[in-house]
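Asker: In case you want the letters, here they are:
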Amino acid sequence: MTPVMPSDFDPRNAEPEDFTSPGLPKDVANTSGRLPLGDPEQIPDPANVDVPTDLREEIQTVVDKYPDRDHKGSPKSAAIPVLWVIQRRYGWCTPEGIVQAATVMQVTPAYLESVASFYDLLRTSPQGDHQVLVCTNIACWMRGGDELLDAFCEKTGADREAAGHGGGLSADGKVLVSGFECLGACDLAPMASVNERYFGPLENADASTIVDQLEAGEEVLPEKSLDRRGLAGGVAESSDPRVVDGKGPNR
Amino acid sequence: MSDANGRHSSIEETRVLLRHAEDPKMATLEGYRSYGGYKVLEKALKEIDPEWIVNELEESGLRGRGGAGFSMGKKVSFLPRTEDAKYLCCNADESEPGAFKDRELMQRNPHQLIEGMIISSFAAGIGHAFIFIRGEYDDQADILDRAVDEAYEAGYLGRNILGSGFDLEMVVHRGAGAYICGEETALLDALEGKRGNPRLKPPFPAVQGLYGGPTLINNVETLSNVSHIVANGADWFKSFGTEQSPGTKVVSVSGCVKRPGNYEVELGVSLRDLIYGLAGGPLDGREITAFYPGGSSSPVLTPAEMDLPYSFEAMAEAGSMLGSGSIIVADDSVSIPRMALRTAKFYRHESCGKCTPCREGTNWTEKMLQRVCAGEATPMDLDIISSVQDNIMGHCLCVLGDAMAMPVSSMVHKFRDEFEATIAEEAAKAWASPGRDVQDGEDPGPGGESPELIRRERLAGREVTTGGGS
Ligand SMILES: Cc1cc2nc3c(=O)[nH]c(=O)nc-3n(C[C@H](O)[C@H](O)[C@H](O)COP(=O)(O)O)c2cc1C
Ligand code: SF4
Ligand code: FES
Numbered sequence: 001m002t003p004v005m006p007s008d009f010d011p012r013n014a015e016p017e018d019f020t021s022p023g024l025p026k027d028v029a030n031t032s033g034r035l036p037l038g039d040p041e042q043i044p045d046p047a048n049v050d051v052p053t054d055l056r057e058e059i060q061t062v063v064d065k066y067p068d069r070d071h072k073g074s075p076k077s078a079a080i081p082v083l084w085v086i087q088r089r090y091g092w093c094t095p096e097g098i099v100q101a102a103t104v105m106q107v108t109p110a111y112l113e114s115v116a117s118f119y120d121l122l123r124t125s126p127q128g129d130h131q132v133l134v135c136t137n138i139a140c141w142m143r144g145g146d147e148l149l150d151a152f153c154e155k156t157g158a159d160r161e162a163a164g165h166g167g168g169l170s171a172d173g174k175v176l177v178s179g180f181e182c183l184g185a186c187d188l189a190p191m192a193s194v195n196e197r198y199f200g201p202l203e204n205a206d207a208s209t210i211v212d213q214l215e216a217g218e219e220v221l222p223e224k225s226l227d228r229r230g231l232a233g234g235v236a237e238s239s240d241p242r243v244v245d246g247k248g249p250n251r
Numbered sequence: 001m002s003d004a005n006g007r008h009s010s011i012e013e014t015r016v017l018l019r020h021a022e023d024p025k026m027a028t029l030e031g032y033r034s035y036g037g038y039k040v041l042e043k044a045l046k047e048i049d050p051e052w053i054v055n056e057l058e059e060s061g062l063r064g065r066g067g068a069g070f071s072m073g074k075k076v077s078f079l080p081r082t083e084d085a086k087y088l089c090c091n092a093d094e095s096e097p098g099a100f101k102d103r104e105l106m107q108r109n110p111h112q113l114i115e116g117m118i119i120s121s122f123a124a125g126i127g128h129a130f131i132f133i134r135g136e137y138d139d140q141a142d143i144l145d146r147a148v149d150e151a152y153e154a155g156y157l158g159r160n161i162l163g164s165g166f167d168l169e170m171v172v173h174r175g176a177g178a179y180i181c182g183e184e185t186a187l188l189d190a191l192e193g194k195r196g197n198p199r200l201k202p203p204f205p206a207v208q209g210l211y212g213g214p215t216l217i218n219n220v221e222t223l224s225n226v227s228h229i230v231a232n233g234a235d236w237f238k239s240f241g242t243e244q245s246p247g248t249k250v251v252s253v254s255g256c257v258k259r260p261g262n263y264e265v266e267l268g269v270s271l272r273d274l275i276y277g278l279a280g281g282p283l284d285g286r287e288i289t290a291f292y293p294g295g296s297s298s299p300v301l302t303p304a305e306m307d308l309p310y311s312f313e314a315m316a317e318a319g320s321m322l323g324s325g326s327i328i329v330a331d332d333s334v335s336i337p338r339m340a341l342r343t344a345k346f347y348r349h350e351s352c353g354k355c356t357p358c359r360e361g362t363n364w365t366e367k368m369l370q371r372v373c374a375g376e377a378t379p380m381d382l383d384i385i386s387s388v389q390d391n392i393m394g395h396c397l398c399v400l401g402d403a404m405a406m407p408v409s410s411m412v413h414k415f416r417d418e419f420e421a422t423i424a425e426e427a428a429k430a431w432a433s434p435g436r437d438v439q440d441g442e443d444p445g446p447g448g449e450s451p452e453l454i455r456r457e458r459l460a461g462r463e464v465t466t467g468g469g470s
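Residue numbers (our numbering), protein chains in the order written: chain P, 1 to 251; chain Y, 1 to 470.
Next comes chain Y alone, as it looks inside the complex (with noise of 0.2 Å):
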């Protein structure tokens, strides 16, 4: 089918939560309740047992939609049910490479998320709830600030909300650009006011988090989920999507693709619908080779995969993830070694330094990933890379360490022959440059093969027949 714009797509958007987010007034109290807003919170205060909305969470499987997949219902019901003083954070650092779909909902419908925050505050008996939103976000973080004043205007915030004796206070907090304050326990330090360094888990924050209460942290999708499943009900829910990853996703398509943009679809839809489909496929003569189908942190695939399902569980299978729903698509003109190098600069600056393989790790990798891509490299390194990102994987405190060794090293594996293409035809140019020092009794070249070219050529194992052009 195609549409007035001439777009061409096989599959439909499936828009939930960005049902009507195209009309500007969704983003105000009025427009977001003359589309219905409000009226599950409102029913859930007077009428509504907290227990059920918890069980409904658990059973409708709606997993966090901010890395790892969690069910978002189990998370909510390892809450104590004590009296202690709970915290909900809301999770809106949405830093990772390739994520731009939290921003689209929050600019879009702030009151979505804030129903959704109040809902699961009411369920979980929590008291404070705040929303961690990243300090490049600046428009966002105004229009949220707007969204929440409005809402303890409305009584749906602040003492004894509608009459029900539920106390709930909300706080817009705006983070200052670190990556790593994404990461739950990294979030509640920046929250606390600290340098954004994540803790050691256990103790969970469910059990001990910010200012060591029980602490629910959840990403802004997830949470924009809660009133939809508590109006609808949990098998509403699992009507969309697949067994194990039910519900709709907001996908951020970008990178190579004619439409980049944010679309939902009901998870399982074919990651060839989404990126031909809805994004528009590759740009005119070009071929897509590579695309992260879960952020900058997931493990490539290549169009061999395009007919996956995307879903949490295909993902996986693949030897990949989901993650955030960010597909990065690349086409014939990127290097991929590059591209790797790419990934693994924006890992080392973000590394907060606590553990030393992180750390030390994702320098090494950054230096040797440059030294491919000026020709210095030999093919072994690449083995050295892949050694190195083995001896990251699972060995750090929180897994930014692992989510630059995933990608990177899926790249080396994948894409050998490229990075060794890479090697040497950057070693050949350097060899061809003008200025080379020329050693004494070396053949000066071009023309002939360097020494340097013919011992890596060598040490990977090939033949080498000297004397032909470069």
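Excised from the complex, chain P in its bound form (with noise of 0.2 Å):
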């Protein structure tokens, strides 16, 4: 997903445009792509970046809900959590808002890059508008979620290699199509994880229903999402004498 630079690049002397993959669309953010803001290794200083007041207060209260708020140095426990509010916000971690969140922070822009590079799920180039996970996992495999996958990829256009290795776009950018391990559904076997809500069992034609849906801005399969399952055992009222409510010794 990362553009791919040749050895030579060189970021000094490149234009915005050099930045950004073909395809892919213009960031929300307006950002001019992996440009580094100033100097990565240094802890940049307030009155050099701009950044909105409502972000900042955002980002002050995660990181006043984490111990380390009183750490000399800097407290550094609210990064992922950070990473968050800034991918929230910009659609992903783009390096204008992790320089913001750097600056609120106070820690090195290199080090923020370095905790988004490690998560899956932080992603530091453009992720369109909807992400869907297909998890390709044993459990899902088993069921057919490779095959699911193919139908995500050939609705939207996505690349199918580049879906099973970290993502691909849909042709229009709009949505992501990325396989996935284990999502902890495997009782949905195969599924999928759309906009971070889980839907299952899904057969290959759900793919164009759901792509169709998230285009037309409408609910996506609703019979088929997770919240509205039951228990798999349905519900049993169990006949053991020692399970009772709110009668033990020490209640």
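Hint data in this document are derived by calculation from the structure and do not stem from the laboratory.
Just so you know, not all the hints are guaranteed correct.
[Stated by the list, open to error] Covered by chain P, according to a simulated footprint, are these stretches of chain Y (three or more residues, beta-carbon under 8 Å): (1) 90-99; (2) 126-138; (3) 180-194.
Note that the structure is predicted; figures quoted are calculated from it, not measured.
Beta carbons are placed, not taken as given, at the ideal position from N, Cα and C, and that holds for glycine.
Two chains, each in its own frame: build the complex with the hints.
Answerer: Written out as structure tokens, the structure is:
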């Protein structure tokens, strides 16, 4: 997903366009791609970086939740949740967003970048308006997860090879399709996470329906959503006399 | 017996943790309290000695539900009884393929977990608690956030809880997609805002964990049991399950079964009752060939072991493990070599890369299994795969490397014939496929055995008859 740079690429004399892969949409945060803003190894000076007030407050609230807020040096526990804040705001962890977060947290942008690049869900390149993660791990694979991923790629025009290796964008750049490791919903196999909500078991034809619904701004397959699902064993009243409500000797 | 849906099962679930879980109210403070929730916390803070709680937890024999099965009470008792800042981390990373029980417990009954965490913190003198939840569980993280807010408002969290003088802060921390963060020390690094790399042990987290302070780390299900044990006593808890595996267990059953899902049973019920009884057995016309009894990192078992009791000790005796309590069932439509490849691919992707045997071993194992599945390997390569696994096991910083080596070597060992057959079949297919480069003087086939196939067969020490069909 990250644009592949030739080895002689020098970001200092590159034009902003050089940083975006062909076919990728312009970022919503009006970014100039991976162009480092200032020195990534220096803690940014708040006087030089423009951070919107509401964003500053949001980041500060997150930082204040952690006990290391009073530690000497810079508190870092909030790194992942702050990167989530940036991603929710700008669609992905944009370089500008990372510099803004680094300014409020008083850590280096390089540090936040290193954290963001470690985690699969934090994206350091554009990820479209909708994200579809298709599980292809053991249980889903047994029940047709690979074919489901094929169906999503076919419908959106995302590159199958890219989708299997971190994610590929649809032809119009709006939908990210990505094969994923076990999402913790093997009971729904084969399943997908669509904009962070779980759906399954899915048939290949559902891929097309889901993408149409996303594009039309409709609710996605309500009848296959995890939160509508009951317990697998149904309503089971236990006849075991040991299981009682609130009647234990210490209650 | 059979229920209204025509389901047949010889056993009933024993729902303690999932009791009333089908009631959507249970996810709210009001609903939880209407079933007696938070009563034992109120009582504990006023009348119960923390030492008694630690003792009772130890006495109950509750074993960790996250994988290793270590005694929860012992872990609590390892924390120093000093005034230092101590921490509790609830491990809700649940990323092991096959596991989805914590998701159900958090979604349906978040307060049971929170109450368990408050009581555990009170018992161990902990002032800060975290729930580290995997980033993909967005819905469940929202549910927990709401539940924690409700608990703060009701005065169960914060300063001077219920007038007892006990203070506790609780934070729901969303991860961002990395299996390795489920490993307890990597989880600590992720909580400190770093890349999630495991740390060298010792020192163990109970001595030096989060921010260098003593830290208790337990799984969601382990902590969800705490309020029940404190309410009803260790003897009550021990009345469920087996001697070495007391209590109930929420078991995730998935793969090729009719009714995949979470089922809560007493530990020690038979695998057959779980897989055939509750989960409905194999799909019509199919036969079970193998299953992982404790998530993707457990060595696979075969139908011959179906009548074993599902307990920590019986699984260990059978050469596998109960792990997180997740059963993935494969039937005769599933290619075991390809299942091994999927398994290896997962661990290769999730290896943090810190130690050589794991980083290189997972990579090579995946590549060699790819060759097996493409018919490019020789049966001798299977021995090499096995020896690579032996060189990974026990040689890494954390057990992620072992988590791949154990199931892969069990599959190669127990299903060697199938691996060899796959190699032969795929090689024959490649041989018969049009577009193959035919070397000078080579029999173009199909019909005759390819020289490569003959070479492989000879290597495997088998008689080769040439001139027959492919
Ligand atoms: C690679 C790896 C991944 C793990 N993932 C999890 C996990 O997702 N959830 C969990 O509870 N324990 C996981 N564990 C086990 C933890 O390290 C730790 O043993 C456990 O959280 C302790 O809690 P318990 O004693 O209540 O089981 C994992 C271990 C390893 C080595
Ligand atoms: S065993 Fe693997 S995952 Fe664990 S620390 Fe070593 S390289 Fe990292
Ligand atoms: S294997 Fe797909 S959710 Fe677990």
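Asker: Compare the structure with each hint and give your call.
Answerer: Tested hints:
no. : hint    : verdict
1   : 90-99   : holds (count 6)
2   : 126-138 : holds (count 6)
3   : 180-194 : holds (count 5)
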